[in-house]
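Participant: Chains W and Z, in that order, are what the protein sequence lines are.
When we follow our numbering, the leftmost residue of the first sequence carries the number 52, and every step to the right adds one.
When we follow our numbering, the leftmost residue of the second sequence carries the number 52, and every step to the right adds one.
Simulated from the structure, these hints should not be mistaken for lab results.
Keep in mind the model is a prediction, meaning the values are calculated, not measured.
Don't take every hint at face value.
Since copy identity is lost for identical chains, a pair holds within one copy or between any two.
[As the list claims (entries may be wrong)] Derived DSSO-like pairs: lysine-lysine, alpha-carbon spacing no greater than 27 Å straight-line:
#	residue 1	residue 2
1	157	198
2	289	477
3	157	172
4	157	289
5	449	359
6	359	84
7	359	132
What follows is each chain in one-letter form.
Number of protein chains: 2
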Amino acid sequence: MRFLLPALVASLALSTVAFAAEPADTAAALRDKARGDGTAWTILEDLTTEIGPRPVGSPAMTRAKDWAVETLTAYGFTNIKVEAFAKPTWHRGAESASIIAPYPLKLSIIGLGGSVPTPAKGVEGEVVIFRTLAELEAVPDGSLSGKIAVVTTPMVRTQSGEGYGAVGAVRRTGPSIAGRKGAIAYLTRSVSTSDSRLAHTGIMRYADGAPQIPAAALGIPDAEQLERLAARGPVRVKLNMASTVDSGSVAWNISGDIVGSERPEQIIVVGGHLDSWDVGTGAIDDASGIAITTAAGKLIGDLPRHPKRTIRVVMWGSEETGGSSEAYAAARKDEMPNLVVAGESDFGAGRIYALQLPERAMTSPALAPLPGLMAPLKVIVSRDPARGGGADTEGLEKAGVPAFSLRQDGTRYFDLHHSEDDTLDKVDPDDLQQNVAAWVALLYMIADSDIDSRALKDAK
Amino acid sequence: MRFLLPALVASLALSTVAFAAEPADTAAALRDKARGDGTAWTILEDLTTEIGPRPVGSPAMTRAKDWAVETLTAYGFTNIKVEAFAKPTWHRGAESASIIAPYPLKLSIIGLGGSVPTPAKGVEGEVVIFRTLAELEAVPDGSLSGKIAVVTTPMVRTQSGEGYGAVGAVRRTGPSIAGRKGAIAYLTRSVSTSDSRLAHTGIMRYADGAPQIPAAALGIPDAEQLERLAARGPVRVKLNMASTVDSGSVAWNISGDIVGSERPEQIIVVGGHLDSWDVGTGAIDDASGIAITTAAGKLIGDLPRHPKRTIRVVMWGSEETGGSSEAYAAARKDEMPNLVVAGESDFGAGRIYALQLPERAMTSPALAPLPGLMAPLKVIVSRDPARGGGADTEGLEKAGVPAFSLRQDGTRYFDLHHSEDDTLDKVDPDDLQQNVAAWVALLYMIADSDIDSRALKDAK
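Please construct the entire structure, taking both the sequences and the accompanying hints into account.
Facilitator: In structure tokens form, the structure reads like this:
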């Protein structure tokens, strides 16, 4: 009676989608339980406190791998797998930069991941300021000989995070362009919305054939100080950067399953990435994603009856410098036809405001309760389809697995991202719970449905 | 006719305070001019860009002195004086701290001004966390032998800044208390409302007879990470700090006058402090105060007729580690009876929300127009009297000079104060102009009045 009554009420209330009433009830109960559940916070606090920053190839990452297995085990996941893959790694050494003239002033910088080091004695030259990458591209090849190129494009704050894509090339491809122009080093204003002196790192890659010059990001106020000084007269800067590359290192994708009760071979793959940059403690990037998806899986695993399909939480092992997506897709090639859908939580812990489904799932009757399930969380079901799950689901998406996206409010994300400021105190526990609530409701609905794993039409 | 008409209109409109109508008109015109005037921003940008950080005893401070003379001259001040005084100075060296166990993690710290250095090889010990200074004081003397004492009291964000006073002792006197308990080093959570890794420095002084142990401030997230780790088990930290003391250095108070047209010997002393900490560029602390008061003086100096009394802008030379207040009062001892009132701008560039007058000036008919003059700036004239002008006017106040206070919104001030984040970009140009507008209106009203220099009753 205790179990039948809510289902009866729901089936009356939702008579047009009566076949889905029972999953929606369970999803609603899971959602509401998640609002008061501390699992995600515990995971987040443990990972950031007990492991700290965990770049690939570091001793901390080895400890993180063990932590991941223990955590998945403790929260009731089964079929736990640790899958190693080769991953050459870049390790930061000592870094410093100073204005030499018109007067000595220490600059706040951070080397970009993948940058070559400077010679031990550093490099020194006059800076040339470019407001945009287009301005840098416009000068003749070789014209920056002996100079340090500085690009100062600001990043625009947006809720969606699209300001990042608009300016990301200054970090990723700027060094190669500057090298071709003859520059001896490259500095970019940090790709960040912050106004902190703390600079923001991130990956860069040299274009084939481009001169490999050292590249670093400036704190926002440092970039602006250079602009003002350079407007007044010549400015000389000295840059020292050390780094090493380990071509023999290994990373791991770690996963655990909440095994489905009826069609366990059909799998929903979700997760976050376990690796982080070496600065901060990787709280928003991406211990939060680990915590949100693991907690959602755990809450579903605690149910007396698991949903029909399997929910797999993957802790991807090398997102920041790439590799885990391809490695996972390659290792699980044979499973591809059984993957229902994929999703990654990798945008901090800001509140979710929109769910985007794969296009062909948007009209599925089985998912018709989603707007009602999401409304109390102040999450809309978007009229736009998902444009991808996350960096770590790209390999699956290329193999044809559809992805969904639970879009988080990223207004503050790029104040913190890839910097020393990515620490636990930046996460709001209520926001974290709201994330878990949206994830758990969505995951349950898909896992207990019959929608086709690939076409995402309703089966049968 | 051009000059008489406004005065006539004003005297009709303000018939109850008709004797003050003409100064109030001029004050209102100055106020409105200041709202669109770029002088303060130019001064602020020049000082922070061309000089940068300027701790006492540094080459930058020598450049700042020359800049000050040039600036006061350029803006029409006369009677410019550079008064040297002896000021032993403390100079920061290399500083670092790391967690050693349970795992290696770099901590973000900054040495407190006046701290002794560590031995070259550093100090290392287990941390003991105290939530408050009272908890530290409660343990027996000698009980922290070999340990590093850590005090983690958070600072409360307030508009008035009173959160600073409530917790400041953790920085100023904590090291001596910890030394008495036997600690080998002292760490405090930064006295700041920020959540940045960037730590906040400030002066400390060892109590007579207390063991002198090295003392530093932790970034806020670092302090919280230590709390969480220490709750899980023993935590060992290593601290390295270098510093030197120069007992022979010199500082300067620099002043310039807008000479009064009728009673030039009666002087209103205002200003900000030219020195800053060695981190950041001292934009809010206190290039803003220099800019606000200099711009206010300049606007008054530009008038075709100066007010009756002299307005003196002082750029005090050693506020952060003390000394300029006493030096100025001592050097100008003979002038004391002629000082009408004093005020300092030393709380950043947040908007002014309240004017506090010296108690005996609060009912002066000559100042009756002030509420009306301040209202368009959204500044109230407080019903509470001023409790002091600023750290640099204390010497004058002790000698009997009354002080006023134009209270600024300090809600964000302690996010930035004494840290690398104290940079130009943190100042809002509109807020800076609002400050100048309030200062210029107030200064003109006092300078063109007859209120008694000491009793601040209306003279005659």
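Participant: Take the hints in turn and mark each one as holding or not.
Facilitator: Going down the list of hints, with the structure as the test:
1. 157 <-> 198: Within one copy only: 19 Å inside a chain, 33 Å across chains, cut-off 27 Å.
2. 289 <-> 477: between (33 Å within a copy, 26 Å between copies)
3. 157 <-> 172: both (17 Å within a copy, 25 Å between copies)
4. 157 <-> 289: both (10 Å within a copy, 24 Å between copies)
5. 449 <-> 359: For residue 449 and residue 359, only the intra-copy Cα distance (26 Å) is at most 27 Å; the inter-copy one is 81 Å.
6. 359 <-> 84: within (20 Å within a copy, 73 Å between copies)
7. 359 <-> 132: Classified as within; 21 Å inside a copy, 85 Å across copies.
When held up to the earlier numbered hints, the structure conflicts with none and fits them all.
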